[in-house]
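Undergrad: Below, each chain spelled out in residue letters.
2 protein chains.
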Amino acid sequence: MGAFPFTLHATDGKARTGVLATPRGDIRTPAFMPVGTAGTVKALTVEQVAATGADILLGNTYHLMLRPTAERVQRLGGLHRFMRWKKPILTDSGGFQVMSLSNISKVTEEAVTFQSHLDGSRHVLSPERSIEIQADLLGSDIVMQLDELVALPATGEKAADAMRRSARWGERSKIAFGERDTQALFGIQQGGVDEALRRESAQRLIETGYDGYAIGGLAVGEGHAAMVEVLDFAPSMMPSDRPRYLMGVGKPIDIVEAVARGVDMFDCVLPTRSGRHGQAWTWEGSINLKNARFAEDDSPLDPSSHVSASRDYSKAYLHHLVKSSEILGQVLLSWHNLAFYEALMAELRAAISEGRMESFRRGFAARQSGRDTSV
Amino acid sequence: MGAFPFTLHATDGKARTGVLATPRGDIRTPAFMPVGTAGTVKALTVEQVAATGADILLGNTYHLMLRPTAERVQRLGGLHRFMRWKKPILTDSGGFQVMSLSNISKVTEEAVTFQSHLDGSRHVLSPERSIEIQADLLGSDIVMQLDELVALPATGEKAADAMRRSARWGERSKIAFGERDTQALFGIQQGGVDEALRRESAQRLIETGYDGYAIGGLAVGEGHAAMVEVLDFAPSMMPSDRPRYLMGVGKPIDIVEAVARGVDMFDCVLPTRSGRHGQAWTWEGSINLKNARFAEDDSPLDPSSHVSASRDYSKAYLHHLVKSSEILGQVLLSWHNLAFYEALMAELRAAISEGRMESFRRGFAARQSGRDTSV
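From first to last, the protein sequence lines stand for chains A and B.
So in our numbering, the last spot in the first sequence is 375, and the numbers never skip.
So in our numbering, the last spot in the second sequence is 375, and the numbers never skip.
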């Protein structure tokens, strides 16, 4: 039942908390994975990332296969050694960035042919090649199947076709991956916002059999309400004894709503990207440090944090760094935001363990939207 | 004889090593001061800067007076608290950046009137205002007098006029500074490359009496040979019992040559600026990490360093970060370069203590220029 033991310690409603045990260390779930796009969580050292409490990083196959190339990463000892991250790494299949960043020349049943957004060079990504890059060259711990995405809004037929092709690509991925003790393969559910398609997709994934199950094709512009609607039914279509991973999500409130609906793993560029643009996430929602009201605010972003970026620097100083376009501002806000996301995951795990997920969810939503009047 | 005790522990030829003791900590000389332009050593946390071994930072009055303004820094507890640097800070007078960055509208005997390069706002910088900003508002430990700089090449008359005005501005600075126990005031020698003007300048500085003596007006385009020629006579014109500070210098080889000629303190943006552009300084000279020959070089920049940036990351990884324009590349190379500069200062202090400055100088020059055949 999967390469990595997955133990649930508590459930509360649909929410679950547990541990996915890997040879490179335990992943406490619900887990948030910082995104290390091109072999670096942008602007941060791995020591800074580790200090946030992150148990696992995500690496982008598309970026790494183009530069420095997966073969070069392998010659340099694999992705962990290359970027000095000793804990687990999950790699995506490359499919999402191929669709969103490159010039696609052709999608066939066999593979996707595309041109690099860096230099226009031509590349082919098949389900088998994606597995080879992730599992054999980069040395990822959790490997994602290649899937086909459709741009939204998609017709039912288009969504169905892409879902079924993804299922077939998943079967080929499983064969290419074979049996491995120290690496895991996750399948990806597709089907857009259609419940019947999502169910068909889940059933095909279960027939193939994976070490974990991802929910794909969300957070691509459908909006919070539509996403939550899908999350009302999609996670429970997947086996309860394996981790469920909602790809590319999201804002803190999205994560809380998804955890309440049974999701275990998340990744998103939002904390680092918004940090590079002067935005900080806090328990009271997001704030923009460029705002003049912080110019003489001597308080830190989070005095209770164990991370220096959140605890030691005044908002006034961060405001100055952001206004002055100083790199240190990007560093500190990326670091703070990741620390906030990881602190949120810790709070979620505690809330589930202690059977107060629903009250946490309600309180968090109120504080995030500024409707909190309790303090 | 100066607010801060200055104790020389050893001399070797003209080179000296010792300690300038300040209430915020000892400054081991020869000392290199990382430049924290706008309240941040660019791209680095103060913990990273401290890890390089730096005993003191430099802050730029011009940048800080414009943004966030010196008054705001004062309201936020002074520059040390604002940027979280507990060790000593030396601030420049603002004069150099006024000349090089702003639109100057007028230089009179009274003051310099200029427009901010940020927003065109009009400001006046007088010797007295510079002291107020540095000593009272920013709370600097070592305060520099305002001086007048001339663009090179300058006529002898122009250089003499600027030198004499600087001497008068120094006298006004001394009066404005008054007597202080916990802060020091440094005068600045001018006079271009002319030995007689440099001597007249030094004599006027000594008559006024300062806690330390800077050599100004070098590293402004005169070239290495002309600078070294001035350093053959300029440092020894200044009292041997007070620290001598060569402003804005320089490349590692410039620093070594200046130390050999009796200089005790240095500052330069070169290590951080070149780090942001992919350049790394090493014992064998500077290298550009963009170069393809580093693409699969698994060795670190300096395996013997105690700083992570120098010791733990492969050149191949740094090459990848630089090629990918990743912020982490700028962070790590800025950090490494400062660590290299501070390691060089430690080597210089040891060489002087052990009476082998001349052989160190010769060996260093040979290795820097690639003429070293000993290994």
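Keep in mind that the hints were calculated from the coordinates and are not lab data.
Keep in mind that the hints are not guaranteed to be accurate.
Since the list gives no way to pick one copy over another, a pair counts as held whenever it fits inside one copy or between any two copies.
To be verified - With a straight-line Cα cutoff of 20 Å, these simulated DMTMM-like cross-link-like pairs (lysine to aspartate or glutamate) come out: (1) K323 - D241; (2) K323 - E71; (3) K158 - D12; (4) K174 - E128; (5) K158 - D194; (6) K315 - E71; (7) K323 - D119; (8) K106 - E200; (9) K42 - E326; (10) K87 - D119.
Undergrad: Up to 20 Å between alpha-carbons, please classify K158 paired with D12: within, between, both or neither.
TA: Answer is neither: 37 Å inside a copy and 81 Å across each miss the 20 Å cutoff.
Undergrad: With 20 Å as the alpha-carbon cut-off, assign the pair K323 and D119 to within, between, both or neither.
TA: between (33 Å within a copy, 13 Å between copies)
Undergrad: Please sort K42 with E326 into within, between, both or neither, judging by C-alpha distance up to 20 Å.
TA: The answer is both: 15 Å in one copy and 7 Å across copies each meet 20 Å.
Undergrad: Can you give me the call for K323 and D241, within, between, both or neither, at a CA distance of at most 20 Å?
TA: Neither, since 48 Å and 43 Å both go past 20 Å.
Undergrad: With identical chains, the pair K106 and E200 could be close in the same copy or across copies; at 20 Å between alpha carbons, which is it: within, between, both, or neither?
TA: neither (26 Å within a copy, 78 Å between copies)
Undergrad: For K315 and E71, with the copy left unspecified, which applies at a CA distance of at most 20 Å: within, between, both, or neither?
TA: between (44 Å within a copy, 17 Å between copies)
Undergrad: 20 Å Cα cut-off: does K87 pair with D119 within a copy, between copies, both or neither?
TA: neither (32 Å within a copy, 47 Å between copies)
Undergrad: Within a copy, between copies, both or neither: where do K323 and E71 come within 20 Å Cα-Cα?
TA: Answer is between; shortest inter-copy Cα gap is 17 Å, intra-copy 41 Å.
Undergrad: Is the C-alpha distance from K158 to D194 at most 20 Å within one copy, between copies, in both cases, or in neither?
TA: Within one copy only: 12 Å inside, 81 Å across.
Undergrad: 20 Å Cα cut-off: does K174 pair with E128 within a copy, between copies, both or neither?
TA: Intra 9 Å, inter 76 Å, cutoff 20 Å: intra-copy only.
Violated hints, listed in ascending order, are 1, 3, 8 and 10; each of the other numbered hints is respected by the structure.
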